[in-house]
Amino acid sequence: MSLQNYLVISAILFTLGIFAVLTRRNAISILMGIELILNSCNLNFAAFSRFVTPPENIDGQIIAIFGIVLAAAEAAVFLAIILAIYREFGSIRPNEVDTLKG
Amino acid sequence: MEFTLKSLIFYGFALLTVTSGIVVVTVRNIVHAAFSLMVTLFGVAGLYVFLQADFLAATQVIVYVGGILVLILFGVMMTSDRLEMRIHIERGQLLLGGTIALALLMLLLTIIAKTPQWKNIVDEGEQLQPTTERIGNLILNGQFLLPFEVVSVLLLVALIGAALISRKEVRD
Chain H
1 MSLQNYLVIS AILFTLGIFA VLTRRNAISI LMGIELILNS CNLNFAAFSR
51 FVTPPENIDG QIIAIFGIVL AAAEAAVFLA IILAIYREFG SIRPNEVDTL
101 KG
Chain F
1 MEFTLKSLIF YGFALLTVTS GIVVVTVRNI VHAAFSLMVT LFGVAGLYVF
51 LQADFLAATQ VIVYVGGILV LILFGVMMTS DRLEMRIHIE RGQLLLGGTI
101 ALALLMLLLT IIAKTPQWKN IVDEGEQLQP TTERIGNLIL NGQFLLPFEV
151 VSVLLLVALI GAALISRKEV RD
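Here the protein sequences come in this chain order: H and F.
Mapping the first sequence onto the numbering used here, position 2 (from 1) lands on 2, and the numbers just tick up by one.
Mapping the second sequence onto the numbering used here, position 161 (from 1) lands on 161, and the numbers just tick up by one.
Note that these hints are calculated values from the structure, not bench results.
Note that the Cβ used here is the ideal one computed from N, Cα and C, for glycine as well.
Check before you lean on any hint, since a few could be wrong.
As the list claims (entries may be wrong) - Below, a sample of chain H positions facing chain F; criterion: calculated Cβ distance under 10 Å:
hint : residue
1    : S29
2    : I82
3    : V97
4    : L100
Said to hold, decoys possible - Calculated Cβ distances over 10 Å to all of chain H for the following chain F residues:
hint : residue
5    : L5
6    : G12
7    : V39
8    : N141
With these hints in hand, go ahead and build the complete structure from the sequences.
Here's what the structure looks like:
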């Protein structure tokens, strides 16, 4: 269990999230990808806090907690926007919401 | 590398996290993806326990599994009729997105392997004190008081904004 183990897991999660955001054609699936990305980032904060900074310093964990709060706020607003879009367009496929497209 | 019980459990959690993450991004049924995301979030919580971040692990389970995942399933329920459950994916986009993601993974793995400061930092296995009290002290009468207040105001703003956006528009 070295630092590099955690960093590799986090890199894989980040890449999977990017993949989901790039390829999925459903807004809720994109939200899942964003959650994966935020999780990988929080895992990195906790890992660096454990291995790199001195053991009595837990600033990284506190930053990770703030990250979880931001993820919760983001998910709430995201789903509210999805509900509004669904009422307006009858679909949550991002490519069908193209009113502003020239 | 010696294979103790602890490292075996660690690799089990790592494998669980990664495989269920792969299922989240590849499975076609969105409800299955949501439940697989739950396994991923539990796996990350287990990894937090290995990092001796007990409070963070509990927060992860409560907020993500108890809150965000329920919110996601609620969103699925509100926006998908039975025919829309399957996620539509285009072939060209899959190829391009896969290439970009793979290149990014290679880049990250190269950086992780090549950075000299990160090599050979291993867990010495020393037990740390429970973190909850220290986190509480740092947030409520330490250096993180201002960020805590800012983030609580932000959460309130997001809450009101979400309620305002998602309610039905009343025209007078």
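A quick look at each hint next to the structure:
1. S29: holds (6 Å)
2. I82: holds (6 Å)
3. V97: violated (13 Å)
4. L100: violated (17 Å)
5. L5: Consistent with the label, F:L5 stays out of reach of chain H, its closest Cβ about 12 Å off (over 10 Å).
6. G12: holds (12 Å)
7. V39: Consistent with the label, F:V39 stays out of reach of chain H, its closest Cβ about 12 Å off (over 10 Å).
8. N141: Nearest chain H Cβ is 14 Å from F:N141, so the label holds.
Hint compliance for this structure: hints 3 and 4 are broken, all remaining hints hold.
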